[in-house]
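Top to bottom, those sequences are chains A and B. Heads up, the first sequence is in the numbering used here, so the first residue is 1 and it goes up one at a time. Heads up, the second sequence is in the numbering used here, so the first residue is 1001 and it goes up one at a time.
Calculated from the structure, these hints are not laboratory results. Honestly, I wouldn't trust all of these hints.
[As the list claims (entries may be wrong)] Chain B is nowhere near these chain A residues, computed Cβ spacing over 12 angstroms in every case:
hint: 1; residue: R4
hint: 2; residue: F20
hint: 3; residue: I22
hint: 4; residue: A112
hint: 5; residue: G172
hint: 6; residue: W183
hint: 7; residue: L187
hint: 8; residue: G206
hint: 9; residue: A301
hint: 10; residue: R352
hint: 11; residue: F356
[Stated by the list, open to error] Per the computed footprint, the stretches of chain B lying under chain A, defined by three or more beta-carbons under 8 angstroms from a beta-carbon of chain A, are:
hint: 12; region: 1066 to 1079
hint: 13; region: 1112 to 1123
hint: 14; region: 1126 to 1138
hint: 15; region: 1263 to 1269
hint: 16; region: 1309 to 1315
hint: 17; region: 1319 to 1328
Backbone N, C-alpha and C fix where the C-beta goes; we use that ideal spot for every residue, glycine too.
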Amino acid sequence: MFYREAGEFSTTYKDDSQTFPIKFDRWRYYFVLFVAVFVIPFMVNDYWVNSIFLPFLIYAIAAIGLNILVGYCGQVSLGTGGFMAVGAYACYKLMTSFPDVSMFVHVIIAGAITAVVGVLFGLPSLRIKGFYLAVATLAAQFFLVWLFNRVPWFYNYSASGQINAPERDTFGVLITGPNTEAWAAYLFCVVFTIVSAVIARNLTRGSVGRKWMAIRDMDIAAEIIGVNPLTAKLSAFAISSFFVGVSGALFFSVYLGAVEVGEVFGINKSFLVLFMIIIGGLGSIFGSFAGAAFLVLLPVALKVVGVDWLGWPTDIVAHLQLVIVGALIIVFLIAEPHGIAQLWRVAKEKLRLWPFPH
Amino acid sequence: MSEAFLYTVEVFLNGLMAGVLYALVALGFVLIYKASGIFNFAQGVMALFAAMTLVGFQNGQVPFAHLINATFGLHVTTFGWNLHSTVAVFLTVLVMIALAWAVQRFVFRHLVGQEPIILFMATIGLAYFLEGVADLMWGSEIKTLDLCWAVGACLPQGGNLWIEQATEGLGGEGFYGFFIDSLDIVAALVAMVLVAALVAFAQYTKQGRAMRAVADDHQAALSVGVSLNFIWILVWSLAGFVALVAGIMWGAKSGVQFSLSLIALKALPVLMLGGFTSIPGAIVGGLIIGVGEKLFEFLIGAPFLGGATENWFAYMLALVFLVFRPQGLFGEKIIERV
Chain A
1 MFYREAGEFS
11 TTYKDDSQTF
21 PIKFDRWRYY
31 FVLFVAVFVI
41 PFMVNDYWVN
51 SIFLPFLIYA
61 IAAIGLNILV
71 GYCGQVSLGT
81 GGFMAVGAYA
91 CYKLMTSFPD
101 VSMFVHVIIA
111 GAITAVVGVL
121 FGLPSLRIKG
131 FYLAVATLAA
141 QFFLVWLFNR
151 VPWFYNYSAS
161 GQINAPERDT
171 FGVLITGPNT
181 EAWAAYLFCV
191 VFTIVSAVIA
201 RNLTRGSVGR
211 KWMAIRDMDI
221 AAEIIGVNPL
231 TAKLSAFAIS
241 SFFVGVSGAL
251 FFSVYLGAVE
261 VGEVFGINKS
271 FLVLFMIIIG
281 GLGSIFGSFA
291 GAAFLVLLPV
301 ALKVVGVDWL
311 GWPTDIVAHL
321 QLVIVGALII
331 VFLIAEPHGI
341 AQLWRVAKEK
351 LRLWPFPH
Chain B
1001 MSEAFLYTVE
1011 VFLNGLMAGV
1021 LYALVALGFV
1031 LIYKASGIFN
1041 FAQGVMALFA
1051 AMTLVGFQNG
1061 QVPFAHLINA
1071 TFGLHVTTFG
1081 WNLHSTVAVF
1091 LTVLVMIALA
1101 WAVQRFVFRH
1111 LVGQEPIILF
1121 MATIGLAYFL
1131 EGVADLMWGS
1141 EIKTLDLCWA
1151 VGACLPQGGN
1161 LWIEQATEGL
1171 GGEGFYGFFI
1181 DSLDIVAALV
1191 AMVLVAALVA
1201 FAQYTKQGRA
1211 MRAVADDHQA
1221 ALSVGVSLNF
1231 IWILVWSLAG
1241 FVALVAGIMW
1251 GAKSGVQFSL
1261 SLIALKALPV
1271 LMLGGFTSIP
1281 GAIVGGLIIG
1291 VGEKLFEFLI
1301 GAPFLGGATE
1311 NWFAYMLALV
1321 FLVFRPQGLF
1331 GEKIIERV
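I would like the entire structure built from these sequences, with the hints used as guidance.
What follows is the structure in structure tokens.
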């Protein structure tokens, strides 16, 4: 009834090509932004921020990054954990070397450094593809984690081998360290998430994104019609790694505060983010959010149901979580290979025609 | 002969033995990939699952005991019997066949005709699922695996004394002969027998021929009356059996625990070196990786790079290698058309 394009007349090309062509969608989008920026920061407490909002926002950035690489450009990567570690360690080195610079700058530069590393490990993608590339990215995962574990310069020669986020601020408000207010950490991450999503969305529907999708659908055919595989693949690696690096930097500095690289950025992190985009939807920015929300909320929900209601020990719940996540991956790949994003699209299509079925 | 050289030879020999174990896991991959085009990421978890099931049967553990106890407030742990190893192995093989059937029936039958990368991701999901089920069924603590087929005839443990004594005279005063794990030697022998048996099966039996036909062309095989379903269950069962053997060897070596499933990750560069479609390739690739990473750690990694280079050396080697030869050593040449 409300959700349809009837009565909307676009008079300029700009109107015609906007992200949300339907008025209801547009308002919903503004409403979500308004709630995220102006309402939630005043309502949250430490628990909500640390167990739900921060992981969701940060994983969403990582999922957007990986989705650009896997979902849009078709280059499967299992090195996400390693690239997040690059972001985290770059951010740490910057934070300790330049204490007076704003955290915004640190996080963005950390992302840029990760982009450079990502391009380096993306070079083999010009020769190899498919599983071969997936396995090749494992080299990045294991090598980077080993590097940060073994070279003391990266963790400033600390005795424990851990990195700890010192207290740093932006615009005079503390962002990292133990004395950070919940709302400040939340707001800092929400800004990064929104900006990342807007950039990613506009990149993927522009000429760059179309080149990526051409490469994904068939790289030889794309090459023949004039897409340069070198720039297309490497730009996908660079931009994807940039977002992953930003999320790694935030994950370490704002969310965890202290990181032991093998534990936090191990191979399981790579799989987690990959699962997010499979469940959420390959090749969809909304899907990255949906997948991140799903896999952040699932353990919380399982814990509430299993531990608090049924009284199971935590290890059973942890194992059950593996079973459920694994089964869900298979179910989604069989029933809906395009993930939650496709369910959302179908729902919107139904809504557009409602109350009529066709 | 100088001592440094002898130590290098020892490292080389141990690398060969480790390579055989990698090759054992890689074999399972090749079998499934050849017959169905599925790149089975869950192979390592299948090895873990098989080894855990074997230990569980041996000790007479009640499956899902932990879950049952937590739900109903009971205290069951074991049935109170210890099965003979032969019976336990037989039962485990049955379980792996049932698993093969279930995987085929509930997962891959629904994914026929999907892109290879989708199938690959499905096997990652399968790996998570199996790992969770294995932990729920048998508990996640580290278990020891002792396989005895008769009284006093068990899988050997520790270094091989005979080799140690035979080679003691080679070096100087401080050299005590080569230290080589007896278990590794057994594993190498088992691997050789297994490979010979698999090659013979694929070449000379009716089912083996059908398997190769399916690998060549699904539709052509279907049209001459080969049952795809049966062949796929057969192949997954074979892969399950190979996983069981690999699980026994690795489990006896380092205990049955989660890290077993990470060996699958090590088998990936082995495959990339050898080529996905070649059984001899898996063996040669395994040996190259095993020797390469041990020698690199011994000669360069430990003295100059701070050690633990075994974690990434195999992947880097495969990465560099693939840039020059994308199909691996023995793989079929990749031809792409629009």
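Comparing the hints with the structure gives:
| no. | hint | verdict |
| --- | --- | --- |
| 1 | R4 | holds (34 angstroms) |
| 2 | F20 | holds (30 angstroms) |
| 3 | I22 | holds (31 angstroms) |
| 4 | A112 | holds (24 angstroms) |
| 5 | G172 | holds (41 angstroms) |
| 6 | W183 | holds (35 angstroms) |
| 7 | L187 | holds (34 angstroms) |
| 8 | G206 | holds (25 angstroms) |
| 9 | A301 | holds (16 angstroms) |
| 10 | R352 | holds (29 angstroms) |
| 11 | F356 | holds (32 angstroms) |
| 12 | 1066 to 1079 | holds (count 4) |
| 13 | 1112 to 1123 | holds (count 7) |
| 14 | 1126 to 1138 | holds (count 10) |
| 15 | 1263 to 1269 | holds (count 3) |
| 16 | 1309 to 1315 | holds (count 4) |
| 17 | 1319 to 1328 | holds (count 4) |
Consistency note: the structure conflicts with none of the earlier hints.
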